[in-house]
Structure formats: structure tokens, C-alpha cells
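Keeping their order, the protein sequence lines are chains U and E. Letter by letter, the first sequence follows residues 1 to 145 in the numbering used here. Letter by letter, the second sequence follows residues 146 to 227 in the numbering used here.
Calculated directly from the structure, the hints in this document are not laboratory data. Treat the hints with care, as some may be off.
Claimed, not checked - Calculated lysine to any residue pairs in the SDA-like style (CA-CA distance at most 25 Å, straight line): (1) E:K213 / U:G52; (2) U:K56 / E:S206; (3) E:K181 / U:A133; (4) U:K135 / E:V194; (5) U:K135 / U:E107; (6) U:K56 / E:P223; (7) U:K135 / E:V199; (8) U:K56 / E:K181; (9) U:K56 / E:A189; (10) U:K135 / E:P223; (11) U:K56 / E:L197; (12) U:K143 / E:S195; (13) U:K143 / E:V199; (14) U:K135 / U:D22; (15) U:K143 / E:A196; (16) U:K135 / E:A189; (17) U:K143 / E:R216; (18) E:K213 / U:P51; (19) U:K56 / E:L212.
Stated by the list, open to error - Looking from chain U toward chain E, a few residues come up when the C-beta cut is under 10 Å (computed): (20) K56; (21) D111; (22) P118; (23) K121.
Keep in mind it's a predicted model, so treat the numbers as computed, not measured. A virtual CB, placed ideally from N, CA and C, is assigned to each residue, including glycine.
Okay, here's what each chain looks like letter by letter:
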Amino acid sequence: MAVRVQAEPFDLGAELDRFAADRRDVGAQVSFAGVVRGDGGLRHMEIEHYPGMTEKAIAEIEAEAVARWSLKDSLVIHRYGRLAPGERIMMVATAAPHRADAFAAAEFLMDYLKSRAPFWKREVTADGAEWVAAKDADEDALKRW
Amino acid sequence: MIDVLYFAWVRERIGLPRERVETQAATVADLVAELKAREARYEAAFADVSALRVALDQELSEFDAPLKGVREVAFFPPMTGG
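One chain only, chain E, in its complex shape (with noise of 0.2 Å):
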């Protein structure tokens, strides 16, 4: 099991803000994968995953990466702070 949490307009399309997800998923690519197979607003929330950011155990990281001994994921679009 891995905690999932989407931000800003990723949470709005998917409808939630986090939510505990089973999988075997090897790297971050392939749980996109599993998710938008799941449903069309997982779909729409994963269209492009170029606009998309990702965080593994709340570290910046990329699409390729490991999911091994991860235990929170997190989605979000490119960060605007200051």
C-alpha cells in the first residue's frame, strides 16, 4: 500500500486529495499507468504528464524513478511560491 496525494489542480480533477492505493507498480510511470486505466478523471488528471510534477517521500523526483520502499507519492502541477 502507498499514500497517494495529488495538489492544486491534479486534486481538483481527481476529486481528492489523497488517498491509500494498492500496488505493484515498479516506478512512478507505471502507477500513472495503473491509475488512468482506472477511471476518466484519473485520465484527464494524467493526460500529460509533462505539465506534471512528481515527490517521493516529499522529494522532488522524476517519472522513471523506483517506487520501492516509497511510501507517499505525491502529484502536483509545476510549484508557483514566493
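Just chain U, same shape as in the assembly (with noise of 0.2 Å):
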């Protein structure tokens, strides 16, 4: 398990070749990475979050699915501050013996993720700046768990 919260861009690659690699009763690596779609004439994306919260917020949404889904190993990196169109804001990586597990878990991971770790995007473009309002669909999306 393991949780990092950073400004810096990853290596997806890297980190997907590192991740879970010692382990030999894993059947299955899911991953999965976030980018910020240049759509909507999006110039950039701010992101903002709670030091300290972050990475409790996240450690315990980990826990639960690692609980919940005997997983193996997991990662989470998220990303903040200034993050332009292309670049990947987060990933998640679950490994679990076999795979419906280790999907579920990455599902749930994101799921949470949107809505319960304490970060707030803001969108810049051409016509100023402002903040992303939470979707009704993030919240909703928690029920099914």
C-alpha cells in the first residue's frame, strides 16, 4: 500500500514496472491513469488540497479497499497544483490474485477518490477562471459500493 501526493508529473511506466513486481500470488494489475482533457478551450487546471488531510483521506480509502478486495498491493499518486491539458493528474494500481477483484478495487479507488479526498480543481481558460462544482453523478456513483 502506498499513498504519495505530489506536485511533480510520474512516470506511469516506471511506476507500473515497480509496482507489485516482487510478488508472486498476484494474478492481476489493474491501473488506471486521470488526464486533464483539453476540452472547453481549457488553458490549464489549479489544483488544490488539504496537507495532511490528503494523504489520511486517501490511506483510509485504501485501506478499505484493500479490505474489501484482498488486494495484494495498491498505489495511488495524485498530483496538484498547476497541471496543463495532457497531463496525467493521478493514478490508481491494484493487484489482487485474480482480476474481477483487482478491477473492482481500481473502481472503487477512483469512485471515492472524486468525492472524498480533499481536492478542488479550477479551470483556467480565455475567459477567466473557475472552479469545478462536484456532479451530483461523483456522489451518486458512491451508493453502489
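Two chains, each in its own frame: build the complex with the hints.
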């Protein structure tokens, strides 16, 4: 289990090469990466977070995923600060003996990171800057778990 | 004394990221009422608390939660991570 909250970019390939590399009890690894979408004239995105609470909240979400799906390993990396379209914002990786658990745990992690980890996105366009509003659909997504 | 933190547009409306507040407020809602009574910028930030979330000592909580023993209160809009 690992959580990293950082301003710097991460190397997705290198992270996945290292992830659960020394384990022999894993048959499935699932990963997801979130990318800044450059539509709507987006110049860049700014992500604010709550240092201290962010790491704690993600670690709690991760611990729940590990327990519910018997994960052998998991990794969450989430960036903050200024990000340009095309840049990777975050990634999750899960490792389990079988793929159904690895997929479900990755989806669970994504759903919870969206509305329970203290990050706030602000989109900057030619017209100015606007905070991204939370979507009801994101809150509803938690109910399936 | 309690540390009060603000994030995202709450921080922008109030005009500062954190402050130390001298208060005897029993609950989060009482603290919000005290802050709103201070100045228009607090009134603007806390106009609709249903649009806000609160964390007590870095754990998500509720506006009717007691403040006894709490050292850090944070106010922010619904989170938009991922």
C-alpha cells in the first residue's frame, strides 16, 4: 500500500514496472490514469488540496479497498498544482490474485477519490478561472459500494 | 483557540487560507454563526452551508458536530478529486 501526493509529474510506465514486481501471489494488476482533458478552451487546471488530510483520507480509502477485495498491493498517486491539458493528474494501481477483485477495487478507489479526497480543481480558460463543481453523479457513484 | 482553515472558493471569499479563532462555540454551526456575524466576507462564504463541507481534525464531519477538544476546523466546497 502506498500513497503519494505530489506536485511533480510521475512516470506511469516506471511506476507500473515497480508495482507489485516482487510478488508471486498476484495474478492480476489493474491500473487507471486520469488525464487533464483539454476541451472547452482549457488553458490549464489548478488543483488545490488539504495537506495532511489528503494523505490520511486516501490512506483510509485505500485500506478499505485492500480489506474488501483482499488486495496484495495498491498504489495511489495524485498531483496538485498547475497541470496542462494532456498531463496525467493521478493514477491508481491494484494487485490481486484474480482480475475481478483488481478491477472492482480500482473502480472503488476512483469513485472515492473523486468525492472523498480533499482536492479542488479550478479550470483556467481565456475567459477566466472557475472552480469545478462537484457532480451529483459522482456522489451517486458511491452508493453502489 | 482553534485553527480554522478555508479551501477553494471559501478561501477566496474570506480572503485568507487559515486563521486562529478565539471561540466558545459548542458546535460547528455555532462557530459558523459567530464568523458570519463578523464581516460581510464571512457572510458571503457561509451564505449556504448546504454547499459546504466541514472537517474536524482532518476527518469529514457534520455542521451539528460538537467542537469540544477539536484543534482544527476546515471549511470547503464538495471535493473534486480524481
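Hint by hint, here is what the structure shows:
no.	hint	in the structure
1	E:K213 / U:G52	holds, 21 Å
2	U:K56 / E:S206	holds, 15 Å
3	E:K181 / U:A133	holds, 23 Å
4	U:K135 / E:V194	holds, 17 Å
5	U:K135 / U:E107	holds, 17 Å
6	U:K56 / E:P223	holds, 17 Å
7	U:K135 / E:V199	holds, 18 Å
8	U:K56 / E:K181	violated, 30 Å
9	U:K56 / E:A189	violated, 30 Å
10	U:K135 / E:P223	holds, 9 Å
11	U:K56 / E:L197	holds, 20 Å
12	U:K143 / E:S195	holds, 20 Å
13	U:K143 / E:V199	holds, 21 Å
14	U:K135 / U:D22	violated, 39 Å
15	U:K143 / E:A196	holds, 20 Å
16	U:K135 / E:A189	holds, 22 Å
17	U:K143 / E:R216	violated, 31 Å
18	E:K213 / U:P51	holds, 23 Å
19	U:K56 / E:L212	holds, 21 Å
20	K56	holds, 6 Å
21	D111	holds, 8 Å
22	P118	holds, 5 Å
23	K121	holds, 5 Å
Going down the numbered hints, you'll see the structure goes against 8, 9, 14, 17, while the others check out.
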